[in-house]
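Start from the sequences and build out the full structure, keeping to the hints where you can.
Given next are the chains, with one letter for each unit.
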Amino acid sequence: MTPDSYKRIYTQDTPRRHAPVASTGLLGWLRHNLFRSWFDTILTLIAGVLVVNVLIGFLQWSIADANWYSVLRNLSNLMIGSMQADPAAIDRVNLMTLVLAFGIGVSLRAWSRVGLRGWGIVALLAAVIVAVPALTNPLPKPDSVIVTGSLPVVSGSVTETPINTLAFIGGQGETVSVRLASTLTASDEALSRPANFGDRASDALFSAARARLASQARLATIEASLQDTALPDNERAVLTSERDTLSAALEATVIGTYRLDAGGASVRILANDGITLLAEATLTTPDDQLTFTLPSSGWYVLQNTATVEGTNVLLAMNGIYPALERSFTRPSLNPDGSPVLDPRTNQPRLVSITQHARVTDDFAIAEPVPKLDGADATRYLFVNNAYRGSRPLNDYLVLHLGPFVERTGRVLLPILGLVALGYALMQALDRVLPPTPPAPKLSRRVAFWMWALMPIVIYIIIASTNPQAWGGLFLTFLLTAVGIVVSFPIGVLLALGRRADDLPVVKYFCILVIEFVRGVPLITVLFLASLALPLVNPALSEVPGAVRAMVAITIFSAAYLAENVRGGLQSIPPGQVEAAKALGMNPVQVTLRITLPQALRAVIPALVGQCISLFKDTSLVAIVGLATYLFISIVYFIFSFVMAYVSRKIEDSGSGVARQVKL
Amino acid sequence: MKSNNPQDPIIVCNKINKWYGDFHVLRDVSVEIQQREVVVVIGPSGSGKSTFIRCINRLEEHQEGDIIVDGIPLGNDIRNIAAIRSEIGMVFQQFNLFPHLTVLQNITLAPMQVRRQSRAEAERKAMELLERVRIPEQANKYPGQLSGGQQQRVAIARALAMEPKIMLFDEPTSALDPEMIKEVLEVMKDLARSGMTMICVTHEMGFAQEVADRILFFDQGRIVEEGDPHTFFNLEVEHHERTRAFLDQIL
Ligand SMILES: Nc1ncnc2c1ncn2[C@@H]1O[C@H](COP(=O)(O)OP(=O)(O)O)[C@@H](O)[C@H]1O
Ligand SMILES: [Mg+2]
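Chains S and L, in that order, give the protein sequences. Per our numbering, the very first residue in the first sequence carries number 345; after that it's consecutive. Per our numbering, the very first residue in the second sequence carries number 8; after that it's consecutive.
Think of the hints as simulated: they come from the structure by calculation, not from any bench. Each hint should be verified, as a subset may be incorrect.
Interface residues of chain L toward chain S, partial, derived using beta-carbon atoms under 7 Å [claimed, not checked]: (1) ARG86; (2) SER93; (3) PHE105; (4) HIS107; (5) ALA117; (6) VAL121.
Since this is a predicted model, take the numbers as computed values, not measurements. For each residue, glycine too, the CB sits at the ideal point set by N, CA and C.
Rendered as structure tokens:
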């Protein structure tokens, strides 16, 4: 027996190698997360099919059907509500937004780092914002079609009268043209598949054409069934009678019934006085066209003096689009821009203004509607002239996507610019005056003081605007910001108070406040603030509603925050306090330096969750339409996402505990 | 009244009694500790060792008896408590470093907050102490990034930064892996040699034999035996029955 039976020395080295390809990178991620086992694979495939289906359905809906006009034309309403009526208020909100954007740029540099990839994404975004409208603007816009003439169109139980006089809005230098809608009137088939803005009478025509095609199809099936010799006699009788009724009804085409084929039109464009003739033309062939370039922005009147009595004409108009009517109340302004005060109440005197805004773009005018024979002319309004038919991609691009990107770009580009500016300035600052470690970067100091002063700056900016007019996302944002900023110290104090076992009075007061507020829904607190408080003390009704809501929301969120913070305080091991005490720190120092900083870090996810729900709670979303709602959700999502992102950043920073457990 | 006479004891405990609820945890504990003395407290688990040393800096409140530290009586007077705490440093079994602060900030916090030192001065002092506990390169790390032995050395530096006259150690090596125990004990031995007054609760008998001036043996809330380490660990001499039982187990 040799002794090496129990002792071995291994000298052969196994060289280090790279991990197998399939376990790293994209492939590794896919395998690890989506195709780990056959069960995972099946789930992934099912989910994939579902997601693709939903996406396709959503895209089809959003391109072909969704009504995005209400989002597009009400963007400023969604953002700032009735403040939009006051140009000075708009300026102030814009200024506030830009200041905040600058602040975000500064903070990005101070606490984080935007790499080449980040700036690439920003540049790409800017490029898209510039490129999309540039590409979509030259695309042809869809026509508007209206029925003119003297034969009413019957659809089901309603009768739609053709329009012979139509007041429309347009901008200086725009060219409008009017033709016969000859492609649509070529056949009932063509008439049944519109893709235009159409008025009610034309819509009735389209449905009639569709109904007739359906009847024709039915007739064909009946004929086929009747060929079958095995058909029982009683059924044959029923089918025969249905066939006779149908074929009698189908004798005349829709085009023939409403005499769309009978003759041409004589159209003219009048100025907004309804008298001055600007242009006229007789349209008899598909090539005839009335073309006119508008000399100034405002109202115009289009008239058809039908050539043949007892006929209709379907007119296709290009460059003429329906308008939305919108009204605001706003403070009446002196020539110097200051509000006119009511001498009795000392409140700004309000005036009401009415605007007409074109649905296809941002063009809007405040001029009154033209009068014809002493009455308002029939206006070309969106309510009566919806988009008819299924929208082709071209129309989606030119009516929705292009204008939307252009509109948001006007807001986003300056914001992106200021973010970049703030970042660049701070980068330069850190370059010129580099910190000596362990002192923090100079940009951090700047960012810290900037945010500390931000509430004051914002207050100065918006103080002069009228709180009665605050609305939209701006109001939500303001309420949330104030709610969070003000409720934070209150909530922390309540939490500390609730833990102060040595001060029973303070302790039970805090418990009472916290539990009372947490016990009622926010809506109740808001209700109390807005309705009940003024009853208690009439002087309170002088306080604007928005401010009262702010107070309510602040108290509400402070109570929830207090409980979150208390949870955090409880999670801190007693050894921390003992160590701090043993070092001679007094209770205030222990709280401010040791327990609170740790407690707050520990409850960041809960606090952010609370901020997000506060942000959502502060607005009662009136559902204007699914599209509007979707748009709002996206905005909400972005804000919530940013909050969550910031939370992760703070969690990652500074806490050794978090570092240790992070994989 | 501060005593400057080096002959006077720096800590005097006279018949201290303490209860947790109705549980009598310290019973007539009396001891005098001289300046520059190193006292090691040993005894079975649950015998009241931690409670005893925590009473000395008032992390626990005793109900009867007197504790006088450096001439200051420890009572309910908040100013006295603060004064005594700033003269006593303490090191815990679980380190109790502040996880949200870097090593340097852990050490400089109390000197800046309590002693009102300037940041520059506190940091200079902190770096010196980190040299002394042999981890100057870890200054800007967070506690979570250090090994247990390194953390405990930071904790010692943190306590020393307040320039205490007395250091209390409550089982400073019990939560450490064997190879880290040594590095912490080395630092404690250095400290003992430099003349610091120390009270150490520890199970490191080698350390006790090497540096202790005196051993206090606790059992069921009482000091049942005390003596110099040589005699104490000598099984030949006469011992209290509890001491003998304890020594039989560990030696
Ligand atoms: N906060 C407390 N409340 C009640 N009993 C305690 C408390 N702390 C310690 N004790 C009890 O007091 C006794 C002494 O504890 P301790 O001083 O920690 O012992 P040692 O440090 O010697 O192991 C033990 O029986 C322990 O269970
Ligand atoms: Mg103990």
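Hint check results:
1. ARG86: violated, 11 Å
2. SER93: Since the shortest Cβ distance to chain S is 4 Å, the answer is holds.
3. PHE105: holds, 6 Å
4. HIS107: holds, 5 Å
5. ALA117: Because about 4 Å separates L/ALA117 from the closest Cβ in chain S, which is inside the 7 Å limit, the hint holds.
6. VAL121: With a closest approach of 5 Å, the L/VAL121 hint holds.
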